[in-house]
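If you're matching them up, the sequences are chains A and B in order. When we follow numbering that gives the first Met the number 0, the leftmost residue of the first sequence carries the number 0, and every step to the right adds one. When we follow numbering that gives the first Met the number 0, the leftmost residue of the second sequence carries the number 0, and every step to the right adds one.
Quick caveat, the hints were computed from the structure, so don't treat them as lab data. Note that CB positions come from ideal geometry on N, CA and C, so glycine has one too. Heads up, some of the hints might be wrong.
[Unchecked claim] Computed far set for chain B versus chain A, every beta-carbon distance over 10 Å:
| # | residue |
| --- | --- |
| 1 | Phe112 |
| 2 | Leu115 |
| 3 | Gly188 |
| 4 | Pro230 |
[Stated by the list, open to error] According to the in silico footprint, chain B covers these stretches of chain A (three or more CB under 8 Å from chain B):
| # | segment |
| --- | --- |
| 5 | 34-45 |
| 6 | 179-189 |
| 7 | 228-238 |
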Amino acid sequence: MMAALRTPRGIATALILLVLAALPLLTQAFDQRYLLSIGTRIIIWSIAAVSLNMILGYGGMVSFGHAMFFGIGGYAVGILSAHGVSSGWIQWPVALLAATAWAALIGLLSLRTRGLYFIMITLAFAQLVYYVGSGLEAYGGDDGLNISRSRFPGLIDLRDKASFYWLCFALLCASLWFCSRYANSRFGLVIRGAKSNELRMTALGFPVFRYRLAAFTIAGALGGLSGILLANEGAYISPAMMSWMKSGDLIVIIVLGGMGTLFGPLYGTIAFFVLEEALPPVLNLVHKGWGEYWMIVFGPLLVLIALYARGGIDSLLGRRHD
Amino acid sequence: MKEPLLRTERLVKRYGGLLATDNVSIDVRPGEIHALIGPNGAGKTTLVHQLTGVVAPDSGTIHFAGHDITRLPTHARVRLGLGRSFQITSVLREFTALENVALAVQGHAGHSFRFLADARRDETLRAPARRLLDEVGLGARGSVLASALSHGEQRQLELAMALAGDPTVLLLDEPMAGMGVEESQRLIGFLRALKQKHAMLLIEHDMDAVFQLADRITVLVYGRAIASGTPGEIRANAEVRQAYLGEEMA
C-alpha cells in the first residue's frame with residue numbers, strides 16, 4: 000500500500016481521490032457550486048464505467064448497450080416516484096433488482112454470440128429499452144419526467160448537494176474496492192483467462208458461459224446503481240440517459256482511461272468530462288464560434304490514444320505490476 | 000485384459016457427403032499409450048473434436064470412466080478426468096507460466112464463484128502449480144509471461160496444465176509439433192514415465208516418436224480405422240504400408 004504511493008500512478012491516484020473526497024468543501028470555499036454538479040456526474044459516470052470495465056476491460060465482452068442500465072435504474076426510481084412511492088428503501092432495491100434481472104436475461108441471450116455479433120445484440124437490446132422508454136407517454140415519453148428525489152428519512156437528505164455527492168463518492172469507493180478484489184479473485188481470473196483464450200479455459204474445465212453470465216449480471220446491477228444515482232442527481236429521467244451515444248461514451252471513457260485497469264475508468268471519466276467542458280471555451284478563445292466544433296479536436300485525440308497509448312491514460316503513468 | 004478407460008463405439012461423423020469419421024471404434028486402456036496415426040485429412044482432428052466435445056457425432060457413442068459422455072459438454076468431460084493438449088499451442092499468453100498452471104489447478108478445485116479472496120496469493124493453487132512446473136522442467140520459468148516462453152517451453156507448459164487435473168486419460172494432439180530433435184527426445188522420455196499414471200491417446204506425425212512410445216497403434220485413412228495393433232503388427236501390415244507409411248518404412 001505504502002509502496003504503491005511512491006509510483007507516479009499511486010501519487011496521481013491518491014491526489015485525485017483526495018481532491019474528489021474534498022470537492023464539496025473546495026467548491027464551497029471557491030464559491031463554484033456549479034462544479035459540484037459536474038463532480039457528482041463524474042462520480043456517477045465513473046461507477047458506470049467501473050461496471051462496464053468489469054466485463055469489457057477484464058472480460059473482453061464489448062457491450063455497446065451499457066447505458067441501458069442507466070435507464071433501467073433511473074426509470075425504476077422515476078416510475079415508482081411518479082406513483083407516490085418515494086422511499087429509497089423501496090425504490091433502490093426494486094431498481095437494483097430490475098437491472099440485475101434484465102442483465103441476467105439479456106446476458107443469457109447475447110453471451111451466446113461473440114465479437115461483432117455481441118456488440119450488435121447488446122446495442123439492439125439497449126435500443127429496445129430506449130424506445131420503450133420514449134414510448135412511455137405516461138412517464139413523459141421523449142420529453143422525460145421530473146421526479147422527486149428518493150427519501151431516506153432520518154438517514155440522509157439527497158436534496159442536499161454535498162450529502163448526495165458524498166454518498167455517490169462512498170459508492171464509487173465501494174465499487175472500486177469490489178473491482179480490485181474481483182480482478183484478482185478466482186472468479187476474476189476465470190473472466191480474464193476467458194478473454195485471453197476461451198477455448199483454453201474450457202479445456203481446463205471452466206464452464207465459461209456461466210462465469211461470463213455472472214459477470215455480465217454483476218456489471219448490470221452496478222450499472223443500475225449508477226442509473227439510480229443519475230436519476231436522483233438531476234431529479235429527472237428521460238430516454239436520452241440511455242441513448243446509444245451514452246453507451247458509446249462509456250466505451251470511449253474506458254478506452255481513454257485504460258481497459259482492464261482498476262482506476263482507468265475513473266481517469267477516463269474525469270478526462271472525458273474535463274475535455275467536454277474545457278475544449279469549447281478554449282477553442283472559443285482561439286476563434287469565436289469554434290467551440291461548437293470541439294469534437295473535431297476530441298475525435299483525433301481519441302484516435303491518437305487508440306494508436307499510440309494502447310493502455311490509455313493509465314499506461315502513461317508507468318508500468319503496471321500486478 | 001483391463002477394462003478400457005475411454006472407448007468409442009461405431010462413431011460416425013458426416014460433413015455433407017464426406018464421411019469424416021466412418022464407424023470408428025477405438026479404446027484406451029489403463030497404463031497404455033495408444034497412438035492414432037494417418038495421413039492429412041484422415042479425420043484425426045475430427046475424431047479428437049468428438050472426444051473432447053467440440054463437435055457431436057452423428058451416431059455412435061463415447062464412453063469414459065463408466066459414463067456415456069457422447070453428449071457431455073467439453074468442460075464436464077475435463078472434470079471427469081479427460082485431459083488434453085492442443086495441436087496448436089494454446090496457453091494464456093498474458094499470464095505467467097505459474098498463473099497458467101494455477102488456473103489449471105483452479106479448474107479442478109470446485110467452482111470459481113469466489114469474488115473477494117486474492118487467488119494470486121492462494122497457496123492451495125500455487126503450490127500444486129509449482130510442483131507441476133517442476134515436473135515438466137519449467138520450475139525456474141514460473142514468473143515468465145507465457146508469451147515470452149520458447150515454443151518448446153510452451154508445449155511443456157501445456158502439458159503441465161493438462162496434468163493439473165490428474166487426468167486418467169490424456170489426449171495429446173501432436174505434442175511434438177514444432178519441436179527440435181533434442182526437445183522431442185526429452186518429451187518422449189517424460190511421456191513414457193507418465194503413462195502408468197495417465198493413459199494416453201497420442202495423435203502424432205513424428206513416426207519415430209510414435210513407434211518409440213506406443214503400445215498400440217490405430218491407423219486412420221479416409222475416416223476409417225484400417226488397422227489396429229502393436230507397433231510390430233502395424234509395421235508389417237501391407238495395407239498400412241501401401242496407404243500411409245510408404246517410403247518411411249522402407
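Taking the hints in turn, this is what the structure says about them:
1. Against the 10 Å criterion, Phe112/B falls within the reach of chain A, whose nearest CB is about 6 Å from its own CB.
2. The Cβ of Leu115/B does not lie farther than 10 Å from every Cβ of chain A; its closest approach is about 5 Å, which violates its non-interface assignment.
3. With 10 Å as the threshold on Cβ separation, the claim that Gly188/B sits away from chain A holds: the shortest Cβ distance comes to roughly 25 Å.
4. A cut-off of 10 Å between C-beta atoms confirms that Pro230/B is not in contact with chain A; the least separation is 29 Å.
5. Residues of the segment 34-45 of chain A with a Cβ under 8 Å from some Cβ of chain B number 0, which does not satisfy the need for three, so the listed coverage is violated.
6. For the segment 179-189 of chain A, the stated coverage by chain B holds: 9 residues have a C-beta nearer than 8 Å to a C-beta of that chain, and at least 3 were required.
7. For the segment 228-238 of chain A, the stated coverage by chain B is violated: 0 residues have a C-beta nearer than 8 Å to a C-beta of that chain, whereas at least 3 were required.
Comparing the model with each numbered hint stated earlier shows that hints 1, 2, 5, 7 do not hold.
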